[in-house]
Structure formats: C-alpha cells, structure tokens
Amino acid sequence: MRVRERGPVRNGRVRGRGVTAALAALAAFAALTGCGSGGDDRPGPEPSGAKRVLRLATASDVSQEPVRQNLIRAWDAARPDVEVEFVHLPTATDDARSQLVATLQGDKAAYDLVNMDVTWTAEFAAGELIRPLDGDPLEGMWEQVASTARYGEEVWAVPFNTDAALLYYRTDVWRDRDWIPPRTWRDLERAAAAATDGAQVTDVFEHGYATQLGEYEGLTVNTLESVWASGGELVEKKEGSATAYEVRAATPRTEAGLRNLADRYRRIMPPEVRRATELDTLRMFERGEVAFMRNWPYVYNVLDAKMAGKFGVVPLPGPKGRGASVLGGQNLAITAGSENAGPARELLDHLAAPEQQRCLLDGGFAPVLKASYEPEGPECSLTGSAAPGGGADGEGGETGGTGTAEAGKPGEPGEEAAEPGSGPGGLPPYTRALKEALGTARPRPVTPYYAAFTELVQTEVHPSLRQNPDEGTVASERLDKELRQVMEGG
Numbered sequence: 185m186r187v188r189e190r191g192p193v194r195n196g197r198v199r200g201r202g203v204t205a206a207l208a209a210l211a212a213f214a215a216l217t218g219c220g221s222g223g224d225d226r227p228g229p230e231p232s233g234a235k236r237v238l239r240l241a242t243a244s245d246v247s248q249e250p251v252r253q254n255l256i257r258a259w260d261a262a263r264p265d266v267e268v269e270f271v272h273l274p275t276a277t278d279d280a281r282s283q284l285v286a287t288l289q290g291d292k293a294a295y296d297l298v299n300m301d302v303t304w305t306a307e308f309a310a311g312e313l314i315r316p317l318d319g320d321p322l323e324g325m326w327e328q329v330a331s332t333a334r335y336g337e338e339v340w341a342v343p344f345n346t347d348a349a350l351l352y353y354r355t356d357v358w359r360d361r362d363w364i365p366p367r368t369w370r371d372l373e374r375a376a377a378a379a380t381d382g383a384q385v386t387d388v389f390e391h392g393y394a395t396q397l398g399e400y401e402g403l404t405v406n407t408l409e410s411v412w413a414s415g416g417e418l419v420e421k422k423e424g425s426a427t428a429y430e431v432r433a434a435t436p437r438t439e440a441g442l443r444n445l446a447d448r449y450r451r452i453m454p455p456e457v458r459r460a461t462e463l464d465t466l467r468m469f470e471r472g473e474v475a476f477m478r479n480w481p482y483v484y485n486v487l488d489a490k491m492a493g494k495f496g497v498v499p500l501p502g503p504k505g506r507g508a509s510v511l512g513g514q515n516l517a518i519t520a521g522s523e524n525a526g527p528a529r530e531l532l533d534h535l536a537a538p539e540q541q542r543c544l545l546d547g548g549f550a551p552v553l554k555a556s557y558e559p560e561g562p563e564c565s566l567t568g569s570a571a572p573g574g575g576a577d578g579e580g581g582e583t584g585g586t587g588t589a590e591a592g593k594p595g596e597p598g599e600e601a602a603e604p605g606s607g608p609g610g611l612p613p614y615t616r617a618l619k620e621a622l623g624t625a626r627p628r629p630v631t632p633y634y635a636a637f638t639e640l641v642q643t644e645v646h647p648s649l650r651q652n653p654d655e656g657t658v659a660s661e662r663l664d665k666e667l668r669q670v671m672e673g674g
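My numbering applies: residue 185 is where the sequence shown begins, and numbers increase by one.
Hints in this document: simulated from the structure, not taken from any laboratory. Computed from a predicted structure; not experimentally measured. We put the beta carbon where it would ideally sit given N, CA and C, even for glycine. Just so you know, not all the hints are guaranteed correct.
With a Cα cut of at most 16 Å, we get these calculated EDC-like pairs of lysine to aspartate or glutamate [stated by the list, open to error]:
hint : residue 1 : residue 2
1    : LYS494    : GLU473
2    : LYS494    : GLU327
3    : LYS665    : ASP387
4    : LYS292    : GLU267
5    : LYS422    : ASP265
6    : LYS504    : GLU373
7    : LYS504    : GLU473
8    : LYS235    : GLU267
Label-pair ranges, simulated between beta-carbon atoms [unchecked claim]:
hint : residue 1 : residue 2 : range
9    : LEU463    : ASP371    : 25 to 35 Å
10   : ASP447    : LYS235    : 27 to 37 Å
11   : ARG370    : ALA293    : 24 to 34 Å
12   : PRO562    : LYS494    : 30 to 40 Å
13   : ARG370    : GLY424    : 34 to 44 Å
14   : ARG450    : GLY324    : 42 to 52 Å
15   : ARG668    : GLY319    : 30 to 40 Å
16   : GLU523    : ARG467    : 21 to 31 Å
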C-alpha cells in the first residue's frame, strides 16, 4: 500500500499563554457538553472491503535516514485494509505545535495520529485534543521516558523515540595519545581552552565549544542542563501531586547555573552560538571551528558520513562526573476525534515493539525500550533498501551507515573504537554513551503550561547571555516571580 504524503498546511500561529488559555476554554466547554472522547481505542464495525485512511501529522525528519517513516511504510504495506497518509508539519517545533493546536481545536478529527514533541503531551491531554489509552503500552521503558506519556492518572501517548544529548569531540587533533575526553564541566572548559592555544592540538580551533543558545527550545534545554549541573531547579514537582509544580528559580544554586551558562558562552563559545540551532552547531563542528559540541544522537550518522574516525561521543559533563541531559523525543497519540482509533492503536503498539525500536537505534534515534540497547536484543525488522543505511529515499536527506568514531569507556581513551559499521555486539558505536546518557536524563516539566514556561525562560535568559556576570541574580528573580504565575496557568 502506498503511503500518501502531504506538505505543511500553514495556519495562523498561536503562541504561549494564549494557546493554554484557549485550551482551558476548550476543555471547559467539553466538560459542560459531555463531549469527551473517552479511552476506547478498540476498532469499531468495519464495512466489508472498506479501506481506512490514517492521517498522521508529523514534523519533517531531520535525521540522516527516514527510518521512522520507513517503519510506518512497512506496517502499511502489510495492511491491505489501511493506508497511512503523512501530513508534514513545519520543522520548527513552535510552528509545528501551533499548527497542530489550531487545526485540532477546529476539527478534532482532522488527524488520526499526531507525532508530538514530548513536552506537548500534557497540554494536548488537558485540552482533550488526544484520547487516553488503555492497557500498559509503556512496559519495558525507562521510567523518565514513560513519564512523558502520562498526565494525571492516565496514559495519553506511546513514546516513539526518546533522546539524550551527547558531547561530540574531535579525536584526531590531540598531541597526547593518552588524552581523555571530558567528564566534568571543569574538564570541558580546560580542554576547550587548550584546543585554541595550539600547544596541545595539531589543529588550532577558533573556539572550543558550541551548543544551542538561539532564542528557541534549544535555549530552554541548555538552561535546564546548566541549572541541574549546579544543583538547582527552575521548577520542582510538588510532593504527592501528579501535575502541580513549585518554583525554585531564585535559589543560590539556580542562580549559579544561570551565571555559568552565560559565563561559558562568553569564554569558550563562538559569539554566533547566541543565535545557533542544532544544525548551526553541527556545521561549526564539521567545519573545524570548534573541538567540542553538544548535540543529539541523530548527528552521529551525519558526521560519520563526512568525517569518520575523527570524532567521538560521551555523555554530557556534570559537576563531578557525568551530567544530566534534558530528555527529548517524540510521542505518538491518537486524536480525540479519530474515527480510526482501532488501527491507529495497532500501529502504535507495532512501533513500540522491540524489532522496530532496534531499527531506530541503527538509524540514529534513541529507542524507548531498555532491551534495544543490549547486544542479545532482537534485530531490526526492516530489510533491504528500507533498513537504516540501506539507501532508502525520503524525507531526511542522504543516507549513511555507522562507522569508526570512538566511543570508549567513560573517562578512558577510546580503546574500544568501533570497527566500520558496528560497535560491541553489532550495535551502533554510540550505543554505550547513549545508554549511559539516557540513564541520567531528565524530562522537562510535564505540564499543560509548558509552552508558556519555555517562552518565559527564553525571554529572560537570552538577554542575560551578554550581560555582566553579576546580573544573573536579576534574571533569576524575574524568572521566579513570573514562573509562579505561569505554572498556575496565569
């Protein structure tokens, strides 16, 4: 069965607190009129010979290979009664979310399935734009991954892939053959400075480190990681509550995390990082402008196709050892108005199965199942041109296999450098680092007000990157005051 494709439909943008207010009104209206969709995702009566079209709304794939779409195509090809139609949303996270909200508010049945950023699940659940799921679709997942699919006492989505950031570093430039990749922020700061002085490296770098500090979700992610590395919190879930948060932005440790982020920007990062996205920092690393980069696992295969054997990956640094990455990823949910909930649920369960999850690992994504990271786990279900590295065409650009970058034991030089095409037990070379990073990764606040939360963080933190270091307290105090209103839906 041929999967149909549709490009982005540009609706008016709905931003920040206005969206959450609209969702609150929508939920209130649904409660008054009794139009909640409930959690029954079993298939209904089907006319003989009829074909169901599942409309799946998803952002464009930025990975090296369209492995997620290939998995859906393979399921569709085995189902003569179903046809999956992709509706491509804008690539930018804010734009994709705004379009989904605007469309589903107007027509809950506009799509059957939505592939959401993990931070949207609570908002869409509170607004009754998606329906709760029965059974236990989260079995075998990391608890922090499973938590992104829950809101209140119910499960609203099935995690498709998760994500944890990694530290990418050059392996081919260090004069000291026993050089060890950084484990702590102090290690990284010293190594970033050494990469620019010419004494310890064979290639001199203009700047040491690059990350994503543009005024978008990447800045929120880096802010949280810096605050956590300092032992602080912006918000913290209230004890005994599944949905409420307490604000902690004005504490000394949180202030230190905000100051550290701005200080590192000024000392070891290129000035243009203040406007940078994941793609921008990837290009900086490829061009040899920096020796270190924070980025997501999908970047590994992109780099390996161009500079195999010249880079390695380890988990992000922390204050005394490995740090905590923000948990990323996408969740799949069934819309509240879908008339095809039965086959939609079958597709969700299929994509969460071990064989499909292993394909994600091979294609540069982070599987949601712990078993997918073990050498004795199941092999990828895709074969031939549809398999990761098999030359499939589609959204996501060129194809490329895994390669020779080093991913040795944490804190040790890369003596376990992978042979071309595989790592230990046939797993991709970055598996060890990614599994360790996922073990300490943390989710962003699971709240229907996340859109307003991240917009406020970006608005307050971005100007502070260029301020005097002593002004970090001012941003912290403003954040604390305004977050109290935001986290209560104001």
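Status of each hint after checking the structure:
1. For the given pair, LYS494 sits about 14 Å from GLU473 by alpha-carbon distance, which is consistent with the 16 Å threshold.
2. Restraint check: the Cα-Cα separation between LYS494 and GLU327 comes to about 35 Å, which exceeds 16 Å; the hinted pair is violated.
3. Distance check on the hinted pair: LYS665 and ASP387 sit about 47 Å apart at the alpha-carbon level, beyond 16 Å; violated.
4. The suggested pairing of LYS292 with GLU267 is violated, with an alpha-carbon distance near 20 Å, which exceeds 16 Å.
5. About 47 Å separates the Cα atoms of LYS422 and ASP265, which puts this hinted pair outside 16 Å; it is violated.
6. Between the alpha carbons of LYS504 and GLU373 the distance comes to roughly 13 Å, so the proposed pair stays at or under 16 Å and holds.
7. The hinted pair formed by LYS504 and GLU473 fails the criterion: a straight-line CA distance of about 27 Å is larger than 16 Å.
8. This hinted pair checks out: LYS235 and GLU267 have alpha carbons roughly 7 Å apart, not beyond 16 Å.
9. Checked against the hint of 25 to 35 Å, the C-beta distance between LEU463 and ASP371 comes to roughly 27 Å, which is consistent with it.
10. The hinted window of 27 to 37 Å between ASP447 and LYS235 is violated, with their beta carbons roughly 59 Å apart.
11. Checked against the given bound of 24 to 34 Å, the beta carbons of ARG370 and ALA293, roughly 54 Å apart, lie outside it.
12. About 32 Å separates the C-beta atoms of PRO562 and LYS494, a value consistent with the hinted range of 30 to 40 Å.
13. With their beta carbons about 37 Å apart, ARG370 and GLY424 fall inside the hinted range of 34 to 44 Å.
14. As the Cβ distance of ARG450 to GLY324 is approximately 44 Å, the hint placing it in 42 to 52 Å holds.
15. Between ARG668 and GLY319 the beta carbon distance is about 38 Å. The supplied range of 30 to 40 Å therefore holds.
16. For the pair GLU523 and ARG467, the beta carbons lie near 44 Å from each other, so the given range of 21 to 31 Å is not met.
When each numbered hint is compared with the structure, violations occur for hints 2, 3, 4, 5, 7, 10, 11, 16.
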